[in-house]
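*Asks:* As a plain string of letters, each chain reads:
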Amino acid sequence: AQSVTQLDSQVPVFEEAPVELRCNYSSSVSVYLFWYVQYPNQGLQLLLKYLSGSTLVKGINGFEAEFNKSQTSFHLRKPSVHISDTAEYFCAVSSTNAGKSTFGDGTTLTVKP
Amino acid sequence: GAGVSQTPSNKVTEKGKYVELRCDPISGHTALYWYRQSLGQGPEFLIYFQGTGAADDSGLPNDRFFAVRPEGSVSTLKIQRTERGDSAVYLCASSLKATYEQYFGPGTRLTVT
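Just so you know, the sequences run in chain order A and B.
Each number in this note's numbering comes from the position in the first sequence (counting from 1) with 293 added on.
Each number in this note's numbering comes from the position in the second sequence (counting from 1) with 594 added on.
So here's chain A without its partners, still in its complex pose:
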């Protein structure tokens, strides 16, 4: 069985400040890791993914995440946020030999002017 814990349900931050959204996972098998963004009244959009190789993964919109196997974490970071980054962010994990993904409960990022 797999599980995902997003440590912060809400993260308020001022525009142009850096942000980190934290994600920890639990799994007994090898995993792939994902971050998705959901803007209001829209579907889920993939931000970035870790499949293998370099533990630092760069995604769209200036986001990046680092896979830390020893700490079973996959935290999402952005050095300078914009108002338009206000959205719900979901961390997800899937095993390398199965298709389904297990999602965290999400972190609401609110960027204030």
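Read the hints as simulated data drawn from the structure, not as lab findings.
It is possible that some hints are incorrect.
Here are the simulated BS3-like cross-link-like pairs (lysine-lysine), alpha carbons at most 25 Å apart as the crow flies [to be verified]:
hint	chain 1	residue 1	chain 2	residue 2
1	A	362	A	342
2	B	672	B	691
3	B	605	B	691
4	B	609	B	672
5	A	351	B	609
6	B	609	A	342
Reference listing, derived: stretches of chain A covered by chain B, where coverage requires no fewer than 3 residues with Cβ under 8 Å from a Cβ of chain B [as the list claims (entries may be wrong)]:
hint	region
7	336-349
8	379-390
9	394-405
To give an idea of the interface, some chain A residues facing chain B are shown, with a C-beta separation under 10 Å as derived from the structure [claimed, not checked]:
hint	residue
10	297
11	299
12	302
13	307
14	327
15	329
16	331
Note that the structure is predicted; figures quoted are calculated from it, not measured.
A virtual CB, placed ideally from N, CA and C, is assigned to each residue, including glycine.
We have chain A already, so just place chain B on it with the hints.
*Replies:* Just chain B now, kept in the frame of chain A:
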């Protein structure tokens, strides 16, 4: 090209009624997934198809829920004897192959009154 589409976008039904939710995946994607997202939570896996067959239906909550994908493309999620607790957004996703990146549709918001 066209993304994943889901119809209807909204469905209101009375308790006890039968509903069908449709998903049109991206052309050529062999894997198709159904998830359910309740308010304030992340998507919860229901079932996934590889081609026409259900490869994993472990997330279906009970036997009132059933899904088909008869020709390996369009899928229908069927819910019998709906209950108020079935109210949620039902998400569909597809991927080129299982374990590959999933592309999500906009969802169907089901409200059971």
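*Asks:* Determine for every hint whether it applies to the structure shown.
*Replies:* Hint check results:
1. Proximity of residue 362(A) to residue 342(A) is assessed by CA-CA distance (about 15 Å); at most 25 Å being required, the pair is judged to hold.
2. Only pairs whose Cα atoms come within 25 Å are accepted, and residue 672(B) paired with residue 691(B) is accepted, the gap being roughly 24 Å.
3. Our distance criterion of 25 Å between C-alpha atoms is broken by residue 605(B) and residue 691(B), whose separation comes to about 30 Å.
4. With a C-alpha separation of about 14 Å, the suggested pairing of residue 609(B) with residue 672(B) holds against the 25 Å cut-off.
5. For the suggested pair residue 351(A) and residue 609(B), the alpha carbons sit about 46 Å apart, so the restraint of at most 25 Å is broken.
6. Between residue 609(B) and residue 342(A), the direct Cα distance comes to roughly 40 Å. Violation of the 25 Å bound is thereby established for this hinted pair.
7. Taking a C-beta to C-beta cut-off of 8 Å, the region 336-349 of chain A contributes 5 residues in contact with chain B, enough for the three needed, and the coverage statement holds.
8. With 5 residues bearing a CB less than 8 Å from a CB of chain B, the region 379-390 of chain A meets the requirement of three and the coverage assertion stands.
9. Counting residues of the region 394-405 of chain A whose CB lies closer than 8 Å to any CB of chain B gives 6, which reaches the minimum of 3, so the coverage claim holds.
10. Interface hint status for residue 297(A): upheld, as the beta-carbon distance to the closest one in chain B is roughly 8 Å, under 10 Å.
11. Residue-level restraint check for residue 299(A) holds (minimum Cβ-Cβ distance to chain B is 8 Å; threshold 10 Å).
12. For the restraint placing residue 302(A) at the interface with chain B, the shortest Cβ-Cβ distance is roughly 8 Å, inside the 10 Å limit, so the hint holds.
13. Because the smallest distance between the Cβ of residue 307(A) and any Cβ of chain B comes to about 25 Å, over 10 Å, the interface hint for this residue is violated.
14. Taken as an interface hint, residue 327(A) checks out: its beta carbon lies about 8 Å from the nearest beta carbon of chain B, inside 10 Å.
15. Using the Cβ-Cβ criterion of 10 Å, the hint placing residue 329(A) at the interface with chain B is satisfied: the shortest such distance is roughly 8 Å.
16. Residue-level restraint check for residue 331(A) holds (minimum Cβ-Cβ distance to chain B is 9 Å; threshold 10 Å).
Violated hints for the displayed structure, listed by number in ascending order: 3, 5, 6, 13.
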